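Knowing the structure of chain A, use the given hints to seat chain B on it.
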Amino acid sequence: MKLTLHRRYAFAASHRLHSSQLSEDENQRAYGKCNNPYGHGHNYIVEVAVSGPVDPDTGMVANLADLDSYVQREVLDAFDHTYMNEQVPAFQQMVPTTENVAREIFRRLEKFPSAHLERIKIQETSLNSFEYDRQTPGGSSS
Amino acid sequence: MIRITRKIEFSAAHLYNNPKLSPEENRRIFGKCNNPHGHGHNYTLEVTVAGDPDPITGMVLDLKELKEILQREIIERMDHRFLNYEVPELAGQIPTTENVAQLIWKLLEPKITRGKLDRVRLYESPDLFVDCTRNGAA
Numbered sequence: 001m002k003l004t005l006h007r008r009y010a011f012a013a014s015h016r017l018h019s020s021q022l023s024e025d026e027n028q029r030a031y032g033k034c035n036n037p038y039g040h041g042h043n044y045i046v047e048v049a050v051s052g053p054v055d056p057d058t059g060m061v062a063n064l065a066d067l068d069s070y071v072q073r074e075v076l077d078a079f080d081h082t083y084m085n086e087q088v089p090a091f092q093q094m095v096p097t098t099e100n101v102a103r104e105i106f107r108r109l110e111k112f113p114s115a116h117l118e119r120i121k122i123q124e125t126s127l128n129s130f131e132y133d134r135q136t137p138g139g140s141s142s
Numbered sequence: 143m144i145r146i147t148r149k150i151e152f153s154a155a156h157l158y159n160n161p162k163l164s165p166e167e168n169r170r171i172f173g174k175c176n177n178p179h180g181h182g183h184n185y186t187l188e189v190t191v192a193g194d195p196d197p198i199t200g201m202v203l204d205l206k207e208l209k210e211i212l213q214r215e216i217i218e219r220m221d222h223r224f225l226n227y228e229v230p231e232l233a234g235q236i237p238t239t240e241n242v243a244q245l246i247w248k249l250l251e252p253k254i255t256r257g258k259l260d261r262v263r264l265y266e267s268p269d270l271f272v273d274c275t276r277n278g279a280a
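Quick mapping for you: the protein sequence lines, in order, are chains A and B. According to my numbering, the first sequence is numbered sequentially starting from 1. According to my numbering, the second sequence is numbered sequentially starting from 143.
Looking at chain A on its own, in the form it has when it is part of the complex (with noise of 0.2 angstroms):
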């Protein structure tokens, strides 16, 4: 029997998507709305999946106090009312999409000491969500 615990965090942040290695047009056309120059934002939901054995004197995978601090030390704080493209240094060289904010998140998380990451989902709006995990093709080598 293996065992998983999730847990959802919340951050709000702005973001626009733009790659310098399109035109003008070819931007436009890739991205709609989401290339305005002036950028938009997100509440955005981060849900955190770790397995790996059960502490018999504890009876947890990991204690959600640590896995709490570790997410606002590595993850909130660092993108919670920020805008992405300027102030997360990872979107300086990448597009923010969804697909890369959940890929970034899993590189931040992927020490975390307690228990084994196996999955990042993210929520960009209640209508669309992205998961990266070990299993992803071309995703971190577990």
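To be clear, the hints were calculated from the coordinates, so they are not data collected in a lab. Just so you know, not all the hints are guaranteed correct.
[To be verified] Label-pair distances were calculated between CB atoms; the ranges are: (1) A:E24 to B:P195: 48 to 56 angstroms; (2) B:H183 to A:E24: 47 to 55 angstroms; (3) B:T147 to A:S19: 38 to 46 angstroms; (4) B:P252 to A:P53: 19 to 27 angstroms; (5) B:K162 to A:Y83: 48 to 56 angstroms; (6) B:I150 to A:M1: 16 to 24 angstroms.
[Said to hold, decoys possible] Using 35 angstroms as the maximum straight-line C-alpha spacing, the simulated DSBU-like pairs for lysine-lysine come out as follows: (7) B:K253 to A:K121; (8) B:K149 to B:K174; (9) A:K2 to B:K206; (10) B:K248 to A:K2; (11) A:K111 to B:K149; (12) A:K121 to B:K258; (13) B:K253 to A:K2; (14) A:K2 to B:K174; (15) A:K2 to B:K162; (16) B:K248 to B:K174.
[Stated by the list, open to error] Over the 10 angstroms line for every Cβ pair with chain B, so calculated as not near, a few chain A residues: (17) A12; (18) V88; (19) P113.
These numbers come from a predicted model, not from an experiment. Just so you know, even glycine gets a beta-carbon here, dropped at the ideal spot from N, CA and C.
Relative to the frame of chain A, chain B by itself:
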């Protein structure tokens, strides 16, 4: 293969305390969950069974049968109970979402005779849930 999921809800109280640890350690590790009077949650349980539909009935299993199993094994055992004191299978364990999900798996697995128990997903709140799956499954 088809996966079929049934959802139920139950409400229960619990507290986290390990008698092997000092009161200070218990408070440090478990925080508010160590309150000796306990506290409660509305749990949501999703039970997924996997299998091939029967060629005659078109069903993996009879949902009515699954509903009865969930009523008997889970609702009657846990709903409106204090998990630490009233669920004997949890005696000596800390009734974390992890341990309750594992117990639910152990209770249901032998009772599901058509199809196979595939996943137990137990929500303690919308922001915290645990999946119990077979070893080797994603």
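So, going through the hints one by one against the coordinates:
1. For the pair E24 of chain A and P195 of chain B, the beta carbons lie near 53 angstroms from each other, so the given range of 48 to 56 angstroms is met.
2. A beta carbon spacing of about 53 angstroms between H183 of chain B and E24 of chain A agrees with the range 47 to 55 angstroms that was offered as a hint.
3. Distance hint for T147 of chain B and S19 of chain A: a CB-CB separation of about 40 angstroms, consistent with the stated range 38 to 46 angstroms.
4. Remark: the range hint 19 to 27 angstroms for P252 of chain B to P53 of chain A is upheld by a beta-carbon distance near 23 angstroms.
5. K162 of chain B and Y83 of chain A have their C-beta atoms about 49 angstroms apart, which keeps the hinted 48 to 56 angstroms range intact.
6. Hint check: I150 of chain B to M1 of chain A, Cβ distance near 20 angstroms, so the stated range 16 to 24 angstroms holds.
7. Only pairs whose Cα atoms come within 35 angstroms are accepted, and K253 of chain B paired with K121 of chain A is accepted, the gap being roughly 33 angstroms.
8. Distance check on the hinted pair: K149 of chain B and K174 of chain B sit about 28 angstroms apart at the alpha-carbon level, within 35 angstroms; holds.
9. Between the alpha carbons of K2 of chain A and K206 of chain B the distance comes to roughly 28 angstroms, so the proposed pair stays at or under 35 angstroms and holds.
10. Straight-line distance between C-alpha atoms of K248 of chain B and K2 of chain A comes to about 12 angstroms, which keeps the hinted pair within the 35 angstroms bound.
11. Under the criterion of a C-alpha separation no larger than 35 angstroms, the hint pairing K111 of chain A with K149 of chain B is consistent with the structure, at around 34 angstroms.
12. Between K121 of chain A and K258 of chain B the alpha-carbon distance is near 27 angstroms, which keeps this suggested pair within the 35 angstroms criterion.
13. Only pairs whose Cα atoms come within 35 angstroms are accepted, and K253 of chain B paired with K2 of chain A is accepted, the gap being roughly 19 angstroms.
14. Straight-line distance between C-alpha atoms of K2 of chain A and K174 of chain B comes to about 27 angstroms, which keeps the hinted pair within the 35 angstroms bound.
15. A distance of roughly 26 angstroms separates the Cα atoms of K2 of chain A and K162 of chain B; the hinted pair therefore holds under the 35 angstroms criterion.
16. The straight-line distance between the Cα atoms of K248 of chain B and K174 of chain B is roughly 28 angstroms, inside the 35 angstroms bound, and the hint therefore holds.
17. Non-interface call for A12 of chain A relative to chain B: holds, since the shortest CB-CB distance, roughly 16 angstroms, exceeds 10 angstroms.
18. Against chain B, the non-interface label of V88 of chain A holds: every CB pair exceeds 10 angstroms, the least being about 23 angstroms.
19. The claim that P113 of chain A is not at the interface with chain B holds, since no C-beta of that chain comes within 10 angstroms of its own (minimum 16 angstroms).
The structure shown violates none of the earlier numbered hints.
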